[in-house]
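Asker: Residues per chain, in single letters:
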Amino acid sequence: MSPPPAIRTERLGKTYLSGFLRRPFVGLSDLTLEVPEGITFGFVGPNGAGKTTTIKTLMGLQAPTEGQAWLFGTPIADPQSRASLGFMPERPYFYEHLTAWEFMEFYARLSGVPSGEREARISSLLERVELSRFRNVALRKFSKGMLQRAGIAQALVGNPRLVVLDEPMSGLDPLGRVLVRDIILAERRAGRTVFFSSHILSDVEQLSDRVAIVVGGKLREEGKMADLVGNAALSVDITFTGAADLPGAELLREEGNRRTVRVPPAEVDDACRSILSGGGSVLSVHRNVPSLESVLLDEVERARTVNEKQLGVLA
Amino acid sequence: MSRIWVIATNTFREAVRDRILNSILFFAVLLLGISLGLREVSIGDTDKVVRGVALGGVSFLATLVALFLGVSLVYKEIERRTIYTLAAKPLARWQLLLGKYVGVWITLAVEVLLLFGLYVLIVSPQQGLPGMPLFVAALMLMVELSLLAAWAMLFSTFASPVTATAYSVSIYLIGHFADDLHLFGERADPGAFRTLVLSLYRVVPNLETFNLRAEAVHGVAVPWSEVAWSTAYGAGYTTAVLCTAMLVFSKRDFK
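As given, the protein sequences belong to chains A and B, one line each in that order. Each residue of the first sequence is one higher than the one before, counting from 156 in this note's numbering. Each residue of the second sequence is one higher than the one before, counting from 9 in this note's numbering.
Everything labelled a hint here was simulated from the structure, so no lab data went into it. Note that beta-carbon positions come from the ideal geometry of N, C-alpha and C, so glycine has one too. Do not rely on the hints blindly, as some may be mistaken.
To be verified - To spell it out: a stretch of chain B is covered by chain A in this simulated footprint if at least three of its residues, at any positions, have a beta carbon under 8 Å from a beta carbon of chain A; those stretches are:
hint : stretch
1    : 17-28
2    : 81-95
As the list claims (entries may be wrong) - Simulated crosslink set (PhoX-like; lysine-lysine; CA at most 25 Å straight-line):
hint : chain 1 : residue 1 : chain 2 : residue 2
3    : B       : K84       : A       : K299
4    : A       : K299      : B       : K259
5    : B       : K263      : A       : K373
6    : B       : K84       : A       : K296
7    : B       : K84       : B       : K263
8    : B       : K56       : B       : K259
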């Protein structure tokens with residue numbers, strides 16, 4: 156029998172009742188998802204798409220109003236489903252009265268790390284997130300980026316099989332982002348499952364084995380990164396010198412006799428031949444492949460069109 | 009069990025590092041010092057006046073701390089979102105709340121010890137060492153504080169700090185006037201109002217049960233059976249309130 160996936164949801168949904176009149180607001184609807192163990196899973200979507208709602212529901216912070224979910228085959232209503240879980244929430248706040256060391260010790264004890272291993276584990280994690288020299292500093296004196304790194308360290312202290320990070324890159328400077336990226340890659344190499352949400356799509360593209368896109372509380376796409384964005388070039392940009400005339404090419408830039416044009420992929424060979432036969436030189440050829448951003452924007456646009464159509468029908 | 013203890017010790021550490029406890033101790037010293045001076049300006053049995061004011065002050069300050077800790081510690085956990093990482097641990101919600109309560113209880117026990125220690129230190133040179141009634145009064149105060157902290161914690165699981173404080177203070181006041189409430193209900197004309205008042209009397213705790221300050225001031229011994237009954241009443245009531253708080257907390261969504 157194959158091992159249960161790290162995360163599985165079946166028609167998971169969360170509807171909030173807000174205001175005095177208890178008006179319903181759908182935060183998440185009909186989410187069916189499976190995250191196998193050992194992969195890095197990127198969870199993307201615009202603000203208010205339902206990413207944090209999904210994560211909070213999986214973490215047991217709020218009860219789903221529809222459907223079910225399991226962590227390693229155990230229903231999320233059972234606290235034991237979180238026995239091998241490390242979690243860092245979005246914009247984390249921690250106990251200000253604790254020093255970095257006390258903070259890590261608190262989470263290590265809560266995660267059941269044996270006392271004999273605790274010190275070495277905490278030292279190595281503080282080292283990894285570059286907070287070793289602040290080990291005796293109270294968290295109230297930490298910057299936002301330092302808190303974020305401390306948050307990642309506490310998520311890893313129990314040596315969990317599943318690490319869930321909600322917007323781990325937000326609030327970090329470029330060096331902090333590289334650090335977090337390296338940690339996620341190292342966790343993947345160590346065979347852990349990393350499930351993370353992010354607005355920074357380039358990071359998701361670089362780090363994820365699989366990606367899910369949520370828009371308007373619904374899952375729109377899910378699959379391997381290569382399947383989602385595809386490998387086929389949409390167009391090709393050629394930068395060249397010379398006076399070649401390239402019919403059908405779109406001129407992007409012109410500086411003296413140096414020009415950059417965009418041509419369809421099928422016309423690249425002909426364009427290069429024309430440039431060379433005209434006495435010019437090809438300086439660079441760049442393939443434009445679809446990005447996660449373009450896929451996400453398409454999904455947002457599609458969701459908007461569907462909404463407008465539904466409103467039209469209602470009107 | 010060990011995870012509950014981890015949360016309890018962290019709560020204790022959080023409470024101790026909060027400046028409010030130091031301020032309370034400072035005010036306790038000030039108040040006890042002032043109460044000593046009352047001997048010079050009061051008439052009659054001046055020693056009893058000193059003991060009465062000093063004990064009343066110490067109890068008032070301890071009650072303030074119980075309400076403050078009960079209301080603020082769970083609320084802070086939610087407001088500062090530290091609850092997110094705690095709730096994601098393999099802990100049931102009731103364990104989390106029980107851990108917080110045990111932490112508050114330890115803090116209150118230490119605080120009562122400190123306040124009564126200060127009382128003995130400051131008042132004894134003038135009036136001699138206190139007898140057993142004072143220690144019984146301290147024990148009963150601790151039972152009352154445990155109950156008040158549980159109520160405050162229950163309110164803080166669903167209300168804002170201001171509302172939770174208002175509810176808790178109401179319980180404190182009604183609880184100390186419970187006997188009057190009963191008398192009022194008994195004397196009211198039969199009808200809905202009488203039923204309402206008598207029902208309220210049955211629901212709210214009778215906090216006067218735990219008030220043995222007059223006995224301590226006058227040096228009157230209280231039978232141990234009465235002490236045991238009051239302790240059992242307080243413990244049972246506290247358990248019921250705490251179980252309700254756990255139930256409310258376990259149903260709550262953290263948005």
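Asker: Are the hints correct? Go through all of them and say.
Answerer: Here is what the structure says about each hint:
Evaluation of the coverage hint for the stretch 17-28 of chain B: fulfilled, as 5 residues show C-beta separations to chain A shorter than 8 Å, against a requirement of three. Counting residues of the stretch 81-95 of chain B whose CB lies closer than 8 Å to any CB of chain A gives 8, so the stated coverage by that chain holds, three being the minimum. Distance hint between K84(B) and K299(A) is fulfilled; the C-alpha atoms sit about 19 Å from each other, no more than 25 Å. A threshold of 25 Å between alpha carbons decides the hint, and for K299(A) with K259(B) the separation of about 31 Å lies outside it, so the pair is violated.
Between K263(B) and K373(A) the alpha-carbon distance is near 19 Å, which keeps this suggested pair within the 25 Å criterion. With a CA separation close to 18 Å, the supplied pair K84(B) and K296(A) stays within the 25 Å bound. The straight-line distance between the Cα atoms of K84(B) and K263(B) is roughly 15 Å, inside the 25 Å bound, and the hint therefore holds. Of the supplied pair hints, the one linking K56(B) and K259(B) is violated, its CA atoms being roughly 50 Å apart against a limit of 25 Å.
Going down the numbered hints, you'll see the structure goes against 4, 8, while the others check out.
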